[in-house]
Structures are given as structure tokens and as C-alpha cells.
Amino acid sequence: MTATQTSPSAPPTSGSGENGGPLSRLSAQNTGLLLAWLLAAVMLVLYLVLFAARKSALPGNFELTSTVNNAVPLVFAALGQTFPVLTSGLDLSVGGVMDVSNSLAATQMGTGVGSILLWTVLILLFGAATGLVNGLLVAYGRLQPILVTLGTLAILQGIALKVLPQPGGTTPPLVTRTLSNPDAPYGLILVALACALWFVARRTTFGMRIYAVGNDRIAARARGIPVRRTLVLAYVTSGTFAAAAGLMLAATTTGGDAASGDVFTLISIAAVVIGGVSLFGGRGSGIGAILGAFVLTLLINVLFFASIDPLFQPFYEGVFLVLAAALTALAGYWLRRRRIERSQR
Amino acid sequence: MTGGVTGAERRPAWLPRIRPDRQLGWYALAAAIVVFVVGELIQPGFASAAGVKTVLVVASFVGLVAAGQTLVVLIGGIDLSVPWMMNSMAVLLATASIGSNARAAWVVPLVLITGALLGAVNGLGVAVLSVPAVVMTLGMNGVLQGLTLGLTGGFTCATCGSAAPPALDAAVNGSVFGLPGQLIILFLVAVLLTVLLSWTSFGRRIYATGTNPRASVLAGVNVTRLTIGLYSLSGLFAALAGILLTAYGGKATLGMGDPYLFQSIAAVVIGGVSILGGRGHYLGALAGSITLTALVSVLLAKDMPDYGRDVVYGVVVLVIALLYGRGEREAA
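Protein sequences appear in the order of chains E and F. Residue numbers for the first sequence, in our numbering: 1460 to 1804. Residue numbers for the second sequence, in our numbering: 3 to 334.
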């Protein structure tokens, strides 16, 4: 996908600090994340203004709770998606894993705590196993990620239809109460958990290797980094997170639908891109992806309060996705140009 | 791909020489024939003239979408906007022509031009704004989906359910020179693309750009213009497929384009076009479309349930990709 780029796609890595101050270096390296914060802030202000104008009050507990609950599945799906994207890959099977996970949760889980725990573990294991297949095909089969995950996506959609041919089934109430409590924004705990998982993962050897592999695979191999194992782990992580996201989707929707996860393939990629993670790999942060998930969730709220027909929703999501990507590309280009100019002075 | 050269050198003298980069396309054709033979064994009459014609008619829609997909994949891109490009253009056709032949005369060119222009927007985003192709075309898909759903009010508008103009219906479901119209169109597209890819400098520029964009720029290829042109062609072919599909089914429906994203990419892969760009030919992708459609028809004939079809689709794509779509060892 990099093939059609005509602008210099490989940014010069910042040297020993001779060009620009620490602030300029920080902004150049985290352009995407800064833009994600900016977008999230703009979205939040827009939402607050529209809400206040419509209801002449500020959003309260109910609005916060429903926003967080709606965002949580996407937060996990997007955070999972970040790992393959950082290795300059892509996971299109996210939606399929969520379909299966959602269907299993709605049909197989009993109401008892034991059954719920058992099936939660099984569902997460299923996600990890799917990721393992993706990862093995990408790393050892030497296939293109987009191809591999498109194939497994079709297989997973088939499996989900087998598990749950018609929409139906119910998520155990305990699961809904735990993962998507309608009374208070306990979902924030899950978001904090996602952030914590990212901070930990980022600082493990695995986290460092992901960036190394995404930046320059050959250099990473030369440095003795097990490239293939890192790739496999990236997809396993993505699959596990997608399975968790499917569980949370089942909790939010309180029922099962073998196709309800499908949209998450696309919006998880959208969230990652809006969050400033480069699809070319090696650049970006899971925090950005989480912010991207909130931006997209707030966008839906904003459209609602702007009285825009929900049927137009994909239109605005598409425009937003393209604008965010173009903005990131332009900002990165501009910052690099400025740094090069400064270093030449 | 690397094994192809030695394979060609070791060929017995009686075998015709096959260019290594075209080898995979021939495999796809062989696979199509094998599927027809197996189909005939399972269900006698499957490989009869009528049976083959039925499969070809269904394959023609995938084949047309795959034409555009092949062109953008050849320069290392991808077009994820085909489902709603097809669907929105089909709806535009139905609502603008409202079943009248006189209107169809200007609506059909209008739809084709609109498709090409929207495709050009994809190309602009990719080449000028340097938005990754996945993101740009995904965004375009959303834009077109939102516009189609929103402007038709979820398909509740008065003219939404309009039947396709009778002339289009007659051309597609009737016969021109004894063949359904879309098979003739498909044949013309195949001839056109073969000439373009194999014998023109335009084709050389496509392969050059797909192999190494930077070297192509240095060699004087206007990669920006080429990229915009190819995405524009992809939009045009998707619009054409949308028009024919509307005529074939008699109506435009919501979601009619959805299966064609997976199928067009699968056809391209089965046809031996490298997803990294620079290698492959449309004739391979066309053979891939026929193989895929024939395979599905065999499965349907065996009363394969929906979920089984999805699984088989996925497995076939992965197995075929493993057989010959592997990247170079060094790149892993």
C-alpha cells in the first residue's frame, strides 16, 4: 500500500538533538497522538455545546454512562487492532472474531457464575487461537496480512452463522451488569484497564519488538529480534482483544447477532487511524487508538444532537476517517520539512 | 514466483513456453476447468453449454469488479470502496432512469462518468494527500453508503423501487448475437485490458509503478496521474457492474454490492495477481472470477448451507494464497 506514495515516506529519525528543541522533537515523533488528543477535545467541546444548546443543561450521569458503554467494545477492538498495525500489518478478522464471540456469549453462557467464567475463558482462548492462525499464516506462511485476515474473516463469519443462525439468544444479566452497567459509568474501569494494559504492553520486550519490527523488519532481524514470533504475538493479541470486545458488545446489546460485529472491522481501523497510528507501521500509540474510539463514539452523539438522519452516519464516519488520515499525513510532512529546513540552517 | 524461471527452463520441449509472471493465471484457468469437471461428476449437466453459460453470467459481475481491482492492485493499491460504489451507482441508475428507455440513454453514461469521477477522488486521496489506500477507499465506501442510505431515506423514496429500463433488461437477460449482453461486455473489457496491459506503454507504466514506484518516478512515469487514472477506472468498472447487476436483477437493492468486495479481491488473488503489485494480468483475475463462481455453484448444487459457503470461501482463498501467493523469503 506504500507503493503509490510519491512523497518521502521514510521520515528521518531524529538524531542526537541537533535539530530543534526537545519540544519540537516530541511533537515530531508524536504528531499522530497530539492530533488524536486535539480531535478528541474538539469532538468533546462540540458535543457539550450541542447538548447544552438542545437540553439547556450539561450532560449528566446517564449520558456519561451510555457514552462510555457504547465506546467500550470499540476501545478494546481498536486497542487490539493497534498491535498488527504497528507491525505494518492489518487485522480484518476483528469483526469476525467479535461475531463468533458475541454469538457464543448469547447462546452458550449459562446464568451461573461458573458457566460465565468458563465461557469467558473459552471465548478469549478462541480469539487467541484465531489470532494464532492469522499470525502463523502471516509470519511463517509469508502471506499478506490483508489477504490472510480477509480469508479468516469469511471463515469466522461462517462459524458465527453456524453458532447463531438467526439473531437471538440473551446475554446473561450478570455479564451485562458487570461489563455494561446501565446505572453508573463503571465502564470507565474497563477503559482504565485498557490503558493500563497498553502501558504495560508498551514497556515489555514484546512492546519494544513490535515497534522495531514495524519500523524496519530487516534491521530488527539483524539486531536479533525474533521477527516471526513478534508478528504471531501481535495477531494473537489482536484476536484476544477482539474476543473481549465481542463479549462487551454482547453485554451492551444484551443479545446475540451473528453479524453485529462486522462493522467493527472497519471502525476499529478507523479508530486506529484517527488515533494517529501509522498504517505503514512502527509509529503510534494504543492511547491514540483508544482516543480514536471515543472520537468515533462522540461523533455519533454529535450527529444525533445535530438532528442529522442516522442513515447518514457512515457518510460522516467516512469523511472523518479520510480527513484524519490526510491531516496526519500533512502534519507529519510539514513537521519533517520544518525540521529538515532547521537542520540545514 | 522465483521458482517460475527455473520451471520454464526445465519444461519438456513439447510444452509451449509460458512466461513466468503469467504462469499463475494459467493455473487459475486450469483450476476453473477442474472445478467444472468435478461439478459435472457431482451434478451431471453442470458443465453443459447451458450450465457453463449460467456460471459465466454470474461470474461476469465479479469479473468486471475484478477488472478495476486488478488495475489498482497492480500498482500496489487496493479498492475497498467497490461494494457501495456499485450499490450507489445502481441506485442512481434506478432513481434517475425510473424505468424509461429514453432516460436510460443519458443516465447510463452519467452513472459511468460519476463512478469514474468518484474513483478519481480515491486516486487523488491516495496519490496527492498520501492517505493509505486502505483508509481512503474505506472512507469512500462509508461516504457512498451514508449518501445512498441518507438520500434515499433507507430506500423509502418514491423512485427507489423503480425497475431497470426495459432496454437494459433486454440487453442483459435477452441475447445479443446469441449471448447475454454482459458476457459480450465482459469479453470486450477483457480484450481492452489485455491490449492495454500487454501492448501499450500505459501497461508498461502500470507494471513499472507496481514494481518500484520511486524508480518509475525517476524514469519519467507520472505516478500521480497514473494512480488517479487507475482508481478512476476501478470506479468506472464498479459502476458498470452496478448497472448490469441492476438490469440482471430488475431492481436496485440495498446491500447488493456487499459480496463483491471479498469476491473481487479473492478473484484477483486466485488469478495470480500479486497483492504487492507489479505482477499478474487481468486474464488471470478473470479466470479467478470464473473459478470462484463455479466453485460456489457446485457448493450450492450440493445444498451447502450459507455458513459452509463462507467457510469454503475463506479456506479456498487461504489455500490458494499459500500455494502461490507467498512473499519473498527475505521480506518476511
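Think of the hints as simulated: they come from the structure by calculation, not from any bench. One or more of the hints may lead you astray.
Which stretches of chain E does chain F cover? Using the computed rule of at least three CB atoms under 8 Å from a CB of chain F, they are [stated by the list, open to error]:
hint	region
1	1502-1509
2	1598-1604
3	1629-1642
4	1729-1738
5	1758-1772
Reference excerpt, derived from the structure (chain F facing chain E, CB under 8 Å, subset only) [unchecked claim]:
hint	residue
6	Gln45
7	Ala49
8	Tyr209
9	Ile267
10	Leu302
11	Met306
12	Asp308
13	Gly310
Cβ coordinates follow ideal geometry from the N, Cα and C atoms, glycine included.
Numbered hints the structure breaks, given as an ascending list: 1, 3, 6, 7, 8, 10 and 11
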